[in-house]
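**Student:** Those protein sequences? They're chains A and B, same order as listed.
Note that full-length UniProt numbering has the first sequence beginning at 1, numbered continuously upward.
Note that full-length UniProt numbering has the second sequence beginning at 1, numbered continuously upward.
What the hints contain is simulated information worked out from the structure, not anything from laboratory work.
For clarity, every value in this text was computed on a predicted model and none was experimentally measured.
Where hints are given, some of them may not hold.
With a straight-line cut-off of 25 angstroms between C-alpha atoms, the simulated DMTMM-like cross-links for lysine to aspartate or glutamate are [what the hints assert, rightly or not]:
#	chain 1	residue 1	chain 2	residue 2
1	B	K492	B	D580
2	A	K547	B	D575
3	A	K169	A	D148
4	A	K547	B	D107
5	B	K300	B	D348
6	B	K67	A	D128
7	A	K530	B	E286
8	B	K633	B	E343
9	B	K360	B	E343
10	A	K67	A	D107
11	A	K414	B	D550
12	A	K272	B	E552
13	A	K530	B	D215
14	A	K530	B	E283
15	B	K196	B	D253
16	A	K67	B	E74
17	B	K272	A	E529
18	A	K34	A	D148
19	A	K213	A	E286
20	B	K213	A	E529
21	B	K272	B	E286
Spelled out from the first residue to the last, the chains are:
Protein chains: 2
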Amino acid sequence: MAEQPVLDTYDIVIIGAGPVGLLLSTCLARWGYKIKHIDNRPEPTKTGRADGIQPRSLDLLRNMGLKPAIMAHEPAKVYEVAFWDPSAKAKGITRTGTWASCPSFIDARYPFTTLLHQGLIERVFISDLEKNGVNIQRPWTIKGFRSDEKKDPEYPVEVDLEHVDGGAKETVRAKYLFSGEGSRSFVREQLKIGIKHKDPIAHVWGVMDGVVKTDFPDIKMKCTIHSEYGSIMVIPRENNLVRLYIQIASSTDPDWNPRKTATEEEVQNSAKRILQPYSIEWERVEWYSVYPIGQGIADKYTLDHRVFMGGDACHTHSPKAGQGMNTAFLDALNLAWKIHHVEAGFADRSLLHSYETERKLIAENLLNFDAKYAALFSQKAPAAKDIAAATETERGAEKKPAGEEENQFIKTFKESCEFTSGYGVAYNPNSLNWSPSHPAQSSIINPKGNKNRTGRILINSNVTRVVDANVVHLEQEIPLNGSFRIYVYAGKPSVTSQALQDFAHNLNKESSFFTSYLRPDINSVSHHEKHNPHSYFFTFCTIFASKRSDIEISRDVPQVLARYRDHIYADDIWDHRVPDATAASHAKMGLDQERGGVIVVRPDGYVGIVVSLVEGSATVAALNSYFGAFSSKSFGEPRAQL
Amino acid sequence: MAEQPVLDTYDIVIIGAGPVGLLLSTCLARWGYKIKHIDNRPEPTKTGRADGIQPRSLDLLRNMGLKPAIMAHEPAKVYEVAFWDPSAKAKGITRTGTWASCPSFIDARYPFTTLLHQGLIERVFISDLEKNGVNIQRPWTIKGFRSDEKKDPEYPVEVDLEHVDGGAKETVRAKYLFSGEGSRSFVREQLKIGIKHKDPIAHVWGVMDGVVKTDFPDIKMKCTIHSEYGSIMVIPRENNLVRLYIQIASSTDPDWNPRKTATEEEVQNSAKRILQPYSIEWERVEWYSVYPIGQGIADKYTLDHRVFMGGDACHTHSPKAGQGMNTAFLDALNLAWKIHHVEAGFADRSLLHSYETERKLIAENLLNFDAKYAALFSQKAPAAKDIAAATETERGAEKKPAGEEENQFIKTFKESCEFTSGYGVAYNPNSLNWSPSHPAQSSIINPKGNKNRTGRILINSNVTRVVDANVVHLEQEIPLNGSFRIYVYAGKPSVTSQALQDFAHNLNKESSFFTSYLRPDINSVSHHEKHNPHSYFFTFCTIFASKRSDIEISRDVPQVLARYRDHIYADDIWDHRVPDATAASHAKMGLDQERGGVIVVRPDGYVGIVVSLVEGSATVAALNSYFGAFSSKSFGEPRAQL
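For reference, chain A alone in the conformation it holds in the complex (with noise of 0.2 angstroms):
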C-alpha cells in the first residue's frame, strides 16, 4: 500500500446520476460520508425519461424533505386509469370504465401518482447534495474497478475514472463502488453477472411528450387505449403536457424486428386513427424517442458486497405501470441505510447480505407483476359492479356475505393497485424482519391484534404533538435521519407507568441496545437536539392514549424517553378508519388502547418487530435479542435466559 499514498479515497464511488444514484448520494452525504459522484451526461436529464412517482415514494420523498420542491413544479396528479375499447354501437373508441389508481383500501396519504419530468427532480437531489457540498462530476465515465479487501480492509475498491472526451484521468480508493448506471451498466458487464429474462417477449416502444388541442375527454388522466388501430398510453405532466406511449413492435409480431422504429409523424397519425372519433393535434413535441424493452432481471445485485448495483442496471422492464424510478429509489434507500449502520459500527458487515436479498426479491415480483398487470389490461373490461368491489372503502361498504370469495378480477386488482401505489412492498422474514424462525424468542413479541406486518411501511395515523400542541403525521415525524426508529405505544399513562418506569430502567442497563451505542459525544450534545440526543442508531417517539392537555412530559415520561421531547405525542385524533377508538393511532396499529406496546420501524420505514409493553424486564430483552441478531454486539442478559 506504500506504493500507492496519492490516492484520494472516499466512501463511495456512485457512477451515474439518474434517481438510484441521487438517492444514495442524497442520503449518505447527509450522515456525513465522503463521496465521488459522477454521470457521463454533460447535465442532469433534459427531456422525457421516467417520470412517475408512486404514493409511497412521494411519502419518501416528504420524509426527506424534498417533497415542497417536487410540488412546486406543479406537476400532474393521476387520481384514476379510464379504460377505452373499440365502441360496439359506433366508430371508434369508448370508455369502458375508470377505477381509481390508489383505491381507499390503501390508507395512503397521497393517493396518487405524481407525475413529474425527470430533470426536475433529479435537480431536487443535485440542489440537496450541492448543500452537502457533492457536486456531480459530469461528464465522467468507469473504466476499470478493482475490489480486493486483503490489499486494502479499509479502502479495497480501487476505480479508475476518465472524462468522456479522455483527456482526464484519476483513479481513486473507495470502500464502496455503486452503479446506478442504468440498463447497459458497465459494472455489471465487468462483474459477468447475466441478466435473466423472465418474460421472452420484447416490445419496441415510441413514447412522445408534447402539447396537444384534443377534444378527448380523459386527456388529462392516465388512460389505457385498445382500438381496432393499435394501443396507446396516455400520461398527463406537468405545464399541459402529455405522454403517449406506443406499441410499435413485439416480438409476437410474424416480421418482428427489433430495430423497427417509427417516425414521429407516423406515431401522430396513429395516434390519430387509435383516438377516433375524438381528434389530436400537436401544437409542440418535447420528446420523441423510440426504444426496445425487454424484461430483465440481473442475477446478482453484488459479488463481494463492496461492488453493488441497483435501479435499471439491475432490472428493466415495459413503462406501463410507472415503476421504473420508484423501484430505483427504493434500491438506494435499502442499500444507503445498511451501508450506513456498517460505516457507524452499528452493524455486522452481513446486513449487506440483505441488500440483494431484499431487493431482488421485489425486482422479481416486479417483473411476475408486470405480465399480470398486462394481462388485466387485456382482458375483457370487468362489470361495473367489479370495480366498485375492487375500490370500496371500509366505511359504508356492504359487508361480503360469509365465505363469499373476492373474484379474481377483485383480487389481482387489488394488489395490482397494492403494488403500483408502493405500499404492496413486503420484503420476507430474515434478521431484521422479524418471524418466528428470528432469534429474538419470547411471548411478547408480536402481540395479539397487531395490525403491522414485518418488513413493510409502518401504518399511517395522525397524533398531536404534546409541546406545541400540532397534530401531525406520526409516520412523518422522524425525519430520513439513518436510525431506527422506536415507537412507544404508552397506553393509558395510569396503566403502563410502571411499564414505562421498568422500559426506562432497562434501557439504561449495560450491554442494552441503548446503552451499547451512545454517542462519544454525548455530553456536548446540543439541548435544541430533537431527534438523535443519545445515538445515531436510534430515535424514541412516544405516543399517549390521552388528550395532549392531560399529559405533562415532566410528570408522565420517564426521563430518558422525556429527553425527545418533540416526539412525545397525544393520541387524541379521530380518524374515519377506525371510528369508535378512543386512540385512533394504538388502534390502527392494533395495539391495546390502554397497555400500548413497541413498534420498532428499520430507517427505511419498513416494520422489524412489535412487541408487548410489558412491566419487568421483558420489552428491552426482547428489543436486546432483535437487535443483536445483526448488530455489531450483542445485548442484555444472555440469550437463554428469554
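The hints should help you fit chain B onto chain A, whose structure is shown.
**Tutor:** Chain B in isolation, oriented as in the chain A frame:
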C-alpha cells in the same frame, strides 16, 4: 400638460414595502399594471416586526401561490394558547388551561397561526414581484405629492421621490398613490388626516426574539403568563426562536412615562422572575426592541380616491392578538381588485369608495376586539367545562338543552377565535354585498337554507375535478386572478338540465354581464386558458351533485360553461361536517342537493350574492342586476321588469 412631457407615468406609485404595500404591488403587477414601488429602507426587514399569519391569511397566500415558499421556511405553527397564572398552592406560576387558537367550530383549512420572521415573508413577495418585472427602489422616500384630476384626468397624481441620502430626485405621474408607510405616514400627515384614539391607554412594550434553554414546558406554545412579578407573552417562532413580549409601562401606571425603557438584561431578568419555578437562559438574542404603542385609527383612508392609505398608516394597536400583518394584507387585497376593476373598465369609479367603508369598519372592529380580548385574558381562568363547550366540534358534541344561553365567556371566546383566525371578517351590506336593500330584487335571491353570508368568505368544501379526477379544495380552485368567481351549483343533471341550458342561453344574450365584458382578444385565446377564456371580469365553476364517473362534460354541460373544462366538479366527497349529505359541498353551502344554485364571490373571496338556479331567465337576470349595481354598464332587461 404639454409643459411636462418628461415625467414618467405609472398606474400606481406605492410607498413602503411592508406587508400592505407588497401584497398590493404583487396583485397589480400580476394583473398587468405598471408600478413604481419604493421603500426607505436599504433592504427588507432583517429581524423582528410582525410575524403572525392567521388561518385566513394562509388561505389567501395559498390562493396567490405563495404558500409553498412561506412554508419552505418551516415556520412555527400555533394550534393552542396556554394560560399561566400565579399558583395558589406553590411558589411560581401554574398552567390554568389551554385553548385551541382556531377551534374546530371554525371550518378552517389551516387551523393554526403560522409564525415566521417578517423579512422572510417580505422576500417571498419581492421574489414574485421580480418575476413580474417590479423591483423595489431602495432606499427612496416620498417628499411630496399633488393630486389634480382637472390638470390631468388620466394621471392626476404627481409624486416627488428622493433617495434617502438626498442625492437623486425624481418626479413621476400616476393614476394612484398608495401609502403603506406604516404608522408614521408622510402621506397621511400631508393630507392632514387625524388619528382617533379609541382607548386612551398607551403601553410601552419590550419584545425580544432569541434562542433559549428552558424547562418551561410550553415554550413552543403561545402563552399568556401572569405572575406576581409581571406579565409576559410567549410566541414560538421558526428555528427554535421564541419571542417574548413584556409590558414595560402603561399609561395607567402612577409614574407613566411613554419614554420608559428597559435594557435587554432587565427584560431577561424580569422574564426569569416571571417564569419561576422554571428556568430560562438565552443562548442567543436575535432582536430586542422597546416601543410605545397606542391604539389609533385614521379618520379617513383616502380623500379623493386617488391617494389611498392602508396597513399601519391607518390603524395601530397592540401586538397581542397578532393581527397587524393580516389586517394589512386584507386592506391591500380589498383595494387591489377595486383599482383593477375600475381601470379595466368593468366597474364604475365609485367602487373605490367602498375601500374605506369596508376596511375602516374592520379596523374599528379590530380595536374594539383588542380591548375585549385583553379583558378576556385578564379575568379569572375560565372553567374547564366552558372551555370544552367553547371549543366543541359539531361531531359528538352534546346537544345543548333548548333555550340554554351560551354564557358570556363562551360567546366572547368564540367571537375572538373567529376574529383572530381571520374568518370573522364581515363586510356590511353595500352594492357588492347583497342585502334586501340592494338594487337587485328578485324572489330567487338568497334562497331558503343558504348558509353563505354576503360579505363573508366562501365556505370551504372538497370536490372532485372531472377532467383529471383530482380531489381539490373548491374555494382554492380559482387563483387570485382579479375576477369574480361564479360557482354554478348544478345539482342533479336530470333535474337541472333545462335550468342549465336556460342559464347558458341567457348568459349569451346581448347586454348580459357575460357578453358585456368579453375579452377583445377572445378569438385568439389559447385552448389551454383555464380561468379567463371569455373575460377577465369573471371565472365560472360548475359543480354537479353526481359521482365523477357519471359526468360527461360534452353531454351534461352547456358549451359556455364547458369551456371552463378545468372548473367542472363532482360533489362526491364525504365531509364529516355534513355526514349524511350525498353532495357535501351543496349541503355545506345550504343549497338544494337536487336543484343547486349560483354563488357569486368577489375577486377577494367574499360572497356577493346567492341566487337559485331556475328555469327561464330569472337567474341570469338576478346576476345582471347584481353586477349592474356597481359596474360601468347596466345589463339585461330594464330593471322594472325584474
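**Student:** Against each hint, give a clear statement of whether it holds in the structure.
**Tutor:** Outcome of the hint check:
Pair hint K492(B) plus D580(B) holds up; C-alpha atoms about 17 angstroms apart against a cutoff of 25 angstroms. With a CA separation close to 24 angstroms, the supplied pair K547(A) and D575(B) stays within the 25 angstroms bound. Our distance criterion of 25 angstroms between C-alpha atoms is met by K169(A) and D148(A), whose separation comes to about 21 angstroms. Between the alpha carbons of K547(A) and D107(B) the distance comes to roughly 21 angstroms, so the proposed pair stays at or under 25 angstroms and holds.
With a C-alpha separation of about 21 angstroms, the suggested pairing of K300(B) with D348(B) holds against the 25 angstroms cut-off. For a cut-off of 25 angstroms, the pair hint linking K67(B) to D128(A) stands: about 21 angstroms separates their Cα positions. Restraint check for K530(A) and E286(B): the C-alpha separation of about 22 angstroms stays at or below 25 angstroms, so the hint holds. Of the supplied pair hints, the one linking K633(B) and E343(B) holds, its CA atoms being roughly 14 angstroms apart against a limit of 25 angstroms.
Between K360(B) and E343(B) the alpha-carbon distance is near 23 angstroms, which keeps this suggested pair within the 25 angstroms criterion. Restraint check for K67(A) and D107(A): the C-alpha separation of about 19 angstroms stays at or below 25 angstroms, so the hint holds. About 23 angstroms separates the Cα atoms of K414(A) and D550(B), which keeps this hinted pair within 25 angstroms; it holds. The straight-line distance between the Cα atoms of K272(A) and E552(B) is roughly 22 angstroms, inside the 25 angstroms bound, and the hint therefore holds.
Only pairs whose Cα atoms come within 25 angstroms are accepted, and K530(A) paired with D215(B) is accepted, the gap being roughly 15 angstroms. As the CA atoms of K530(A) and E283(B) are separated by approximately 17 angstroms, the hinted pair is consistent with the 25 angstroms bound. With a C-alpha separation of about 22 angstroms, the suggested pair K196(B) and D253(B) falls inside the 25 angstroms cut-off, and the hint holds. For the hint linking K67(A) to E74(B), the alpha-carbon distance of about 13 angstroms falls within 25 angstroms, and the restraint holds.
The suggested pairing of K272(B) with E529(A) holds, with an alpha-carbon distance near 23 angstroms, which does not exceed 25 angstroms. Taken as a hint, the K34(A) and D148(A) pair is honoured in the structure, with Cα atoms around 20 angstroms apart against an allowance of 25 angstroms. Between the alpha carbons of K213(A) and E286(A) the distance comes to roughly 14 angstroms, so the proposed pair stays at or under 25 angstroms and holds. At most 25 angstroms may separate the alpha-carbon atoms for a hinted pair to count; K213(B) and E529(A) meet this at roughly 12 angstroms.
With a C-alpha separation of about 18 angstroms, the suggested pairing of K272(B) with E286(B) holds against the 25 angstroms cut-off.
The structure agrees with every numbered hint stated previously.
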